Structures are given as structure tokens and as C-alpha cells.
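Trainee: Top line first, the protein sequences correspond to chains R and W. Just so we're on the same page, the numbering used here is the position in the first sequence counted from 1, plus 114. Just so we're on the same page, the numbering used here is the position in the second sequence counted from 1, plus 114.
Hints were generated in silico from the structure; no laboratory data involved. Warning: the hint list may mix true and false statements.
For identical chains, the list gives no copy identity; a pair is met inside one copy or between any two copies.
[Said to hold, decoys possible] No farther apart than 30 Å at their CA atoms in a straight line, the calculated lysine-lysine pairs in the DSS-like style are these:
# : residue 1 : residue 2
1 : 384       : 323
2 : 409       : 164
3 : 470       : 191
4 : 190       : 176
5 : 532       : 470
Given the structure is predicted, the values throughout are model-derived calculations rather than measurements.
Number of protein chains: 2
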Amino acid sequence: MSQIQETVHQMGRQARDASYRLSQLSSDEKNAILHAMAAGIRESVPQLLKANALDLVAGEEKGLSSAMLDRLTLDKKRIEAMAEGIDQVATLPDPVGQVLDQWDRPNGMSIEQVRVPIGTIGIIYESRPNVTADAAVLCFKTGNATILRGGSEAIHSNRAIAEALQTGGAKAGLPDHTIQLIPFTDRESVAVLAGMDKYLDLIIPRGGKGLIETVVSLARMPVIKHYDGICHLYVDPEADHEMAINIAINSKTQKPGVCNTLETLLVHEKIAAEFLPKISAALVARGVEIRGDEKTCGILTEAIPATEADWETEYLDLILSVKVVGSLEEAVEHINHYGSHHTDVIVSQNQVTAEKFLRAVDSACVFHNVSTRFNDGGEFGFGAEIGISTDKLHARGPMGLRELTSYQYRVRGTGQVKS
Amino acid sequence: MSQIQETVHQMGRQARDASYRLSQLSSDEKNAILHAMAAGIRESVPQLLKANALDLVAGEEKGLSSAMLDRLTLDKKRIEAMAEGIDQVATLPDPVGQVLDQWDRPNGMSIEQVRVPIGTIGIIYESRPNVTADAAVLCFKTGNATILRGGSEAIHSNRAIAEALQTGGAKAGLPDHTIQLIPFTDRESVAVLAGMDKYLDLIIPRGGKGLIETVVSLARMPVIKHYDGICHLYVDPEADHEMAINIAINSKTQKPGVCNTLETLLVHEKIAAEFLPKISAALVARGVEIRGDEKTCGILTEAIPATEADWETEYLDLILSVKVVGSLEEAVEHINHYGSHHTDVIVSQNQVTAEKFLRAVDSACVFHNVSTRFNDGGEFGFGAEIGISTDKLHARGPMGLRELTSYQYRVRGTGQVKS
Chain R
115 MSQIQETVHQ MGRQARDASY RLSQLSSDEK NAILHAMAAG IRESVPQLLK
165 ANALDLVAGE EKGLSSAMLD RLTLDKKRIE AMAEGIDQVA TLPDPVGQVL
215 DQWDRPNGMS IEQVRVPIGT IGIIYESRPN VTADAAVLCF KTGNATILRG
265 GSEAIHSNRA IAEALQTGGA KAGLPDHTIQ LIPFTDRESV AVLAGMDKYL
315 DLIIPRGGKG LIETVVSLAR MPVIKHYDGI CHLYVDPEAD HEMAINIAIN
365 SKTQKPGVCN TLETLLVHEK IAAEFLPKIS AALVARGVEI RGDEKTCGIL
415 TEAIPATEAD WETEYLDLIL SVKVVGSLEE AVEHINHYGS HHTDVIVSQN
465 QVTAEKFLRA VDSACVFHNV STRFNDGGEF GFGAEIGIST DKLHARGPMG
515 LRELTSYQYR VRGTGQVKS
Chain W
115 MSQIQETVHQ MGRQARDASY RLSQLSSDEK NAILHAMAAG IRESVPQLLK
165 ANALDLVAGE EKGLSSAMLD RLTLDKKRIE AMAEGIDQVA TLPDPVGQVL
215 DQWDRPNGMS IEQVRVPIGT IGIIYESRPN VTADAAVLCF KTGNATILRG
265 GSEAIHSNRA IAEALQTGGA KAGLPDHTIQ LIPFTDRESV AVLAGMDKYL
315 DLIIPRGGKG LIETVVSLAR MPVIKHYDGI CHLYVDPEAD HEMAINIAIN
365 SKTQKPGVCN TLETLLVHEK IAAEFLPKIS AALVARGVEI RGDEKTCGIL
415 TEAIPATEAD WETEYLDLIL SVKVVGSLEE AVEHINHYGS HHTDVIVSQN
465 QVTAEKFLRA VDSACVFHNV STRFNDGGEF GFGAEIGIST DKLHARGPMG
515 LRELTSYQYR VRGTGQVKS
């Protein structure tokens, strides 16, 4: 057994033990610990800045881009925001203990389905050090122990944050080993973590497609994936044009680099000649490049011809692919075939058409007359979000605290036996 | 690309297409198709018997045990039971379309969380041909397309059953390729299926630990696992002894070869000297071998000393490991450490103690004063069961129709954009 294996397995056993103690904490106890964790962060400002400086120096030596260095940077304001985030999680309702269902059987047994923590969760992430606090805190709020494995760029910052959380929390009774950070940043530690299904109930990779694919290919336990968003907007013949333009602009340009941004516009042929020039003008004025199918290019001289690859590309940039479709069915087929089942919108004043679209599109979020940008835990009112799942099992779409829980059946009887 | 890859990928694409049509069927349409499938089975009795005879001859030549040959055998009675099972599934409530949650946001958006089919499900199973019908029918009822990969022993029977279902169902409008059986039984087909995350949303292996382990190590999509049941019964000092004996006998001897059978008895030291001889006599009279820890062997001369391996063994036989514990906490620790988180029971007249046990034991089913044998979809009133999940994500414990669904968020607005 390598040193990495030995260390990570030891952390696994410790996390499992911690999880049994965590599941017994009341909501009040957990919230008191959360406030103590926030205090721990606030008391560790000097240590956090010092650790972060080591990462920044190493990052500059490695030649990281200024955008990367900015992501990596902690300052007093960002550290205070981290602490405020933790205090805020303490105010959210605790899903653990919620009775999801209850019924009695003819033999007199009473069956209760109750939300319980998942147990132990591995988080594998890349450069942003604030993920250390965000992920660990949401997992703790729901009674789960975490094993964190961050990227090498932020290793000193991550260690300091994890220590501040654990030390601060311990003052209010946080069980040992609730939050553990793997001290290695090489690839083997990911493989060991992903293979450790005896001690880890779930892995959540937070990062780019390459990282997620690696974890998926290695993992023996469930993985909740946050893949691409190739999001669509379909403009129906009965759409309010002004509304459609507003929604398209908001969906495409409000924050182009995120997964719930619009990538493909589908327009019904009945309105294409009238609608496309209007929306194109509005988009081009905001710097958006249009890549159109043949019909679109026939109407819009400013459009560049789209290739097959455009329909399956998440641009994350001010580029929009545009296609003219002959029917709702063609729009739905295009979305189900080329989309990533993330967020797809219809704009229409016809309720019947809209309901058909919502039922037929196989995506986590299907929207009628609202922007794609609303696929977000905060916008859904979840208070906190661990990510937007592109999976269909357990968690789909915005993942809040509920999705960090499992359930258990508690059955109470009076001596019933099976005949 | 090998022929197996080509064929299985083609089936994957077809299953995905079928799933989009299936999700649009109403409950009435699906139920009519189910009855037509049952009729398809009834009309195919001669073909089914003929196909089954080929498997039986091959099985005899291969030297299968008589128990294995019995599992493989179809006769008129078993075929009629299969058809009746399908008719019965038609009468169950359809979970698809159920609104799980609904709320409005301050900006006027209405958010609805609705049950939808998962999409496409792979089922990998071993010798029993009736799994072909059981699994495909439950998946269809919930709007899912299936790709089935059965064992080589039953290949002719499986093909005939899948054909009868698809042909019968088609008469009532079953979409093509809803139920597809992989014509290969070699290992490569499992690997190809498990790697095909583009077309398959979920894999459920139904069979022994070796099969599940193989699927887990290969799968890129979620796997719902039905691992061992190392189930415990803890007898508290405040237990009704007669009730504890009845529950232990029922849990251990009613059907020893299944996952919800009792494997380990934990007895509080306060009552061990009085209680152990009584329960041991009752168990030994029913042919149960007792393997005890040191304290148990000190009380029961008939007990064989247990080794460490006994505590983590699923005997599936008339053998019971018995341990004397000093406290509820010790019982819980033993269960959480050695158990398989399947089904664990406390017998006690003290409600407070019982509730502590139910909260602290990390198992899918925790029972108070009832037999372990009630961890079962039928006993829970689910009407049908695809298995008993030992996973914590998505499905835990008995898996009924609900657990074969996903959900989708449908958001309706009036032009909302994100500011």
C-alpha cells in the first residue's frame, strides 16, 4: 500500500466514524457549530492571507494567467464573504429529520420515510479555494462528513481554510474528522478516493469536463456530475416578440461564461423572416456573433454558416447558433438530440403549445417565458447551491441542501412476523 | 468498432429514441399496452416452451445443478404467472406526472417539480428468465426503455419472452425498441453497455456480488446495487422475550436464503444469561447453528466459537452469529461497523431506547419490534419491486415504481429575466 493509499484510507475510516456522530447532532447544535466555523474563519485572517500568499507566489512562478490568479486570490473582503456565507447557511432550514412519507400497513406496522444524511462525501475540485468552505459547510449542515481534494494551485489556502473550519467548529462541538483535506494533489489521490467505496458514499467533482470525466471513469460510488449546459430557446409562432428578444438577450449576454447561458436559438419558420432581423440586431448590438443554419443565413446577412459541431457546442462566449425549425416537434427533437438536458425554454403566448414543450423536452429545467439564467439554486430559493446537476438520478438541476440527504425507512410494530 | 459495440450502440440510440416517445404516453395508454403485453405472453406459450426446452437441454449438457435447472424452467403455470404479473402492474398507480413540489418565487415565476421517467435503463441479470418480463414491464410502466442483457443459460427463453412482450405490446401502440434484448452473452457486451453513458441513464445489475462488482467497476452511469444483507437483531434489556424469540425465528428461518434474513443476534448482557438459553433452544430446534462470541459460548454449550469473519458474513443458511453487548451504543457500533446497512431491528418495550436505535443505525431499513423479513416492496405495499437497494443515493431499501422515475423542474413565467 502506498503512502497515499494509506493516508486516504485512514481519512476514509475517520470520515465514516465522524458521520455516525454527525447524524446524531440536532439542527441547533449544527447551527451553533456553523457560527463557530465562521468565527474560526474570521479569527484566521492572518493565517489565511499568509497561506494564500504562498499559493500566489507559486502561481506566478508557474505562469498562471491573471484570471487564474484572481480566482486563487483571497483578501480580507473575500474571507469575510466566506464567513458570512457560513453564517447564512446556519439560518437555512435543516432537511435532516423531515418525514417524507408515512403510512400504515394492514398488519399494523407503521412505515415512515425520513430524510437522513448521506454519510460521507468526497469533493474533488480545482483552483478556487472558497470551494473548500462552501462544499464542506453545505455537507456539514446536512450531517455529512467530507473529504476534500483540491487542486495543487490552492493547496496552502485550502489547508488553512480546512483547518480554520475544523478548529473553529471544534469549539462548539464539531466531531473530529468532519472536514478533512487530502494533503496530496497528485492524480493517485483522486484514484484512491474514487475507488474507496467502502468509506465514501458519494463523490462530487467540481470543475471542468476533463476532471468530471476522470472521476466518472474511476469512481466505484455514485458521482453527481455538473456537465455542460447547451441551453436552447425556442421561439414559437405565437410568441411575444419583445419578450422573446428580452429573454434571449438576458439568457445569452447576462453572464456568457456559465452553464445556464443560452447557446442555441430555434425560431419557427412562420415568423423567421420577421423575427430574426429584429433579434439579430439586438444581439449584434451587444457583441454577439450569430452562426446560422442555411435558412437563417438566407435571412441574416450578418450570420456565419453554422457547422454540425455548432449544435453541440457550449460556447461560454458571445456566440449564438441559430436554426429555423418547421414545427414544435422539430424544435423538441433538435433539443433532445443536441442539447445537454440542462435548461431549455419556450417563448409562446399559447399555453397548450408551451405545455407540450415542457412535457416533451427531456431536460432538468424546462422553462416557459423566462430566462435560462434562472436555473440556479439561489433563483429557485434554495438559499445555497452545491451545483447544477446534469444527472437524472438523485439530484437533477439545481442542487440544494435536500439533495445532500438520503432517506431511511423506520418501521414500528408490535411483534409482527411474516407468515 | 467490434460487432458487439456496433450492435449495442445501435440499441442504445434506439432505446433513447423510444424513451422520448414513451414519456409522452398517458397512464391509460401504458396500461392498455401492459395488458396487450400480457396477452402477448399468453399467446406465445408454445414458442416460450420451445425456446425454454433449448435452454434446458443446453443446461443439462453443461451439467447445471437441479436447482439451477429449476430456476431456468418455464412451464404453463409459470408463464401464466408471468402474464398475471404484467396485468397486475397495469393496475398500479402511475408515479409519472406526479407533482412533488410547487412554489412561487417573488418575481412571479411558478416552479413545479414533476416526476418524469428516467429514460433508458440497462438490466444485467443472470439465470432466471422471468426477470426479462419483470424488469422490462416495471421500467415500461414508468415510461422507461430497457436494454436487457441476460445470462447465457437462458438466452433462448429470454429472446422469446422479449419478443412476446414487444410484439404483444405493439398491437396496443408500444413504441418500437422499448424492450430490447442484447443477443450476445459474452462479457464484452456488459462492458459496452456499462460504458455507453450517452445512451443509458442507469444500470441495474440483478444477480450475485460478482456480477454487481463487475458492473460497478465498468459503469460510467449510475448503478443501483442490491448487495448483501447482513441483518441484525438487537435484544434490549427491556425486550418482551417471547416477542424477541418469535421475531428472531421468523427473521432467521422463514426463508434463510434471501437478503433480508437475519444473520447476527446481539443480546444485552443484562439479560444474556436468562434470554440466550431460551432463544437458543428455539433456534436449535429449527436446525439453526449458533456461532457465539466468548460470552455467548460461556452461556451456551451448544454454541460454536465465532471468528472475526462471522460478523461480516451473509450466511444465507441456517447459521446465526450471536454476540453479547454491554450497551445500546455497543450494539449500534457493531451494526454500523459490520453490517451491510440493509435491515436492522431492535426489540424493546422502551420507546426511548427504540427511537435512539432507529436514529443511530445507518441502514436502509431500521425496524422496531418487527421481523427483518418485512424489508420487501410487497410488504411495504409497493405492489411491485425491482429489488432492495443497498445504495444511499436515489433509491434506498425496497425499490418500487417511484424509484424508477426521475424529476424535472417546470418553470412558468411571464417574461422574467435575471437582473
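Trainee: Are the hints correct? Go through all of them and say.
Mentor: Hint check results:
no. : hint        : in the structure
1   : 384 <-> 323 : neither (38 Å within a copy, 58 Å between copies)
2   : 409 <-> 164 : neither (58 Å within a copy, 57 Å between copies)
3   : 470 <-> 191 : neither (47 Å within a copy, 44 Å between copies)
4   : 190 <-> 176 : within (25 Å within a copy, 74 Å between copies)
5   : 532 <-> 470 : between (47 Å within a copy, 25 Å between copies)
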